[in-house]
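Chemist: The primary structure of each chain is shown beneath.
2 protein chains.
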Amino acid sequence: MTPPSVNLAIALLHYPVYNKHGETVTTALTNLDLHDIARASKTFGLDRFYIVTPSADQRTLAQRIAGHWQEGWGADYNKDRKAALDIVRICDKLKTAVAEFQSGFSAPVRTIITGATQRSGSIGFDQLRQMLQTDLGQPYLLLLGTGWGLTEECFASADHILAPIAGAGTYNHLSVRSAAAIMLDRLRGTR
Amino acid sequence: MTPPSVNLAIALLHYPVYNKHGETVTTALTNLDLHDIARASKTFGLDRFYIVTPSADQRTLAQRIAGHWQEGWGADYNKDRKAALDIVRICDKLKTAVAEFQSGFSAPVRTIITGATQRSGSIGFDQLRQMLQTDLGQPYLLLLGTGWGLTEECFASADHILAPIAGAGTYNHLSVRSAAAIMLDRLRGTR
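Here the protein sequences line up with chains A and B, keeping their order. Residues in the first sequence are numbered from 0 upward in steps of one, following numbering that gives the first Met the number 0. Residues in the second sequence are numbered from 0 upward in steps of one, following numbering that gives the first Met the number 0.
The reader is advised that the hints may include incorrect statements.
Put simply, identical chains are the same to the list, so a pair is met inside one copy or across any two.
[Stated by the list, open to error] Below, in silico cross-link-like pairs of lysine-lysine (DSSO-like), each with a Cα-Cα straight-line distance of 27 Å or less:
id: 1; residue 1: K94; residue 2: K78
id: 2; residue 1: K78; residue 2: K92
id: 3; residue 1: K19; residue 2: K78
id: 4; residue 1: K92; residue 2: K81
id: 5; residue 1: K19; residue 2: K81
id: 6; residue 1: K92; residue 2: K19
Don't read these hints as lab results, they were simulated from the structure.
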């Protein structure tokens, strides 16, 4: 398999994330997270999208969804879908995703965490876009959370925090699929 | 009910659109189109998102999905979801959506159509963003297609054609949910 060569990749984490009550949980895989984020990642030129879940059952399910379009009748039915799902890698934990992404680069992978709230020390989208363009040999892994967002421990251990997407008012409840699409456009889109 | 007051709204059309074979069809409603585009529209300050389908059964289904979060136990369970779905209006045809949107404005509604291919005479995102900011009394209805895209007749009868979202290469297969999110960010996002 070809190692990753594009210096931005996405990891969608299903653990450790908060549920509605602020408890740390493992969320279930959402079929369309896999499809939508794979298609958006591929559209914006990424060659890796990691689905991360500690549940073996959920990894099997993710593999089956991706596999249907890669090898099943779906591969013939929709070749564009296959091209997008070819960049998906299913991992048990973040460390595994980082190691796979690392295989394409000599500089250590840096993680970038995102959430819906403004935090001190965040970097902006323009700044990160610039960082991505300036050093193509520096890999950045963008961490996205499911459920009610990644836990505080994740924020403490990430290398960078990316500013939240600002909407037009106080309401800010994008799905992770929509947020991923906007982030990719801001970081790699052409106008 | 409060009439619309924001000069941009989205209409998601389930007819007339192409299927994979280039035939004109009515597509089935996708649950997450309704949720994701409503949440993104609300986040970027829109107060109308029209779901348009000629199928009475499908309109009933759309109403049931939206209604669950507006009036059912979902309304209590997730108030943010309710706020997003409050802007959804379900219509039988585009004309009905235009008329409802028109009720908030004296200037005639102008339609803007979008697709994945570059066409001559398209306006760019920056230009439309400027148009939206310059004349708050001029309503624009952004038409999004499901399936394999809106038919040529739709392109011929729209007032404006918006340039496609450019990715990083030749692959360009965003879901309509992802495309809507990116468009809203480009037209109304704050950096």
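Chemist: None of the hints should be skipped; say for each whether it holds.
Modeler: Structure-based check of all given hints:
1. In this homomeric assembly, K94 and K78 never come within 27 Å of each other (Cα to Cα): the closest approach is 31 Å inside a single copy and 35 Å across copies.
2. In this assembly of identical chains, the alpha carbons of K78 and K92 never lie at most 27 Å apart, being 29 Å within a copy and 32 Å across copies at closest.
3. When the C-alpha separation of K19 and K78 is checked against a cutoff of 27 Å, the pair qualifies only between copies, where the shortest distance is 12 Å, while the shortest distance within a copy is 38 Å.
4. Taking the shortest alpha-carbon separations for K92 and K81, only the intra-copy value of 24 Å comes in at or below 27 Å, while the best inter-copy value is 34 Å.
5. In this homomeric assembly, K19 and K81 come within 27 Å of each other (Cα to Cα) only across copies, at 15 Å, whereas the closest approach inside a single copy is 34 Å.
6. Taking the shortest Cα distances, K92 and K19 sit within 27 Å of each other inside one copy (22 Å), while across copies they are farther apart (37 Å).
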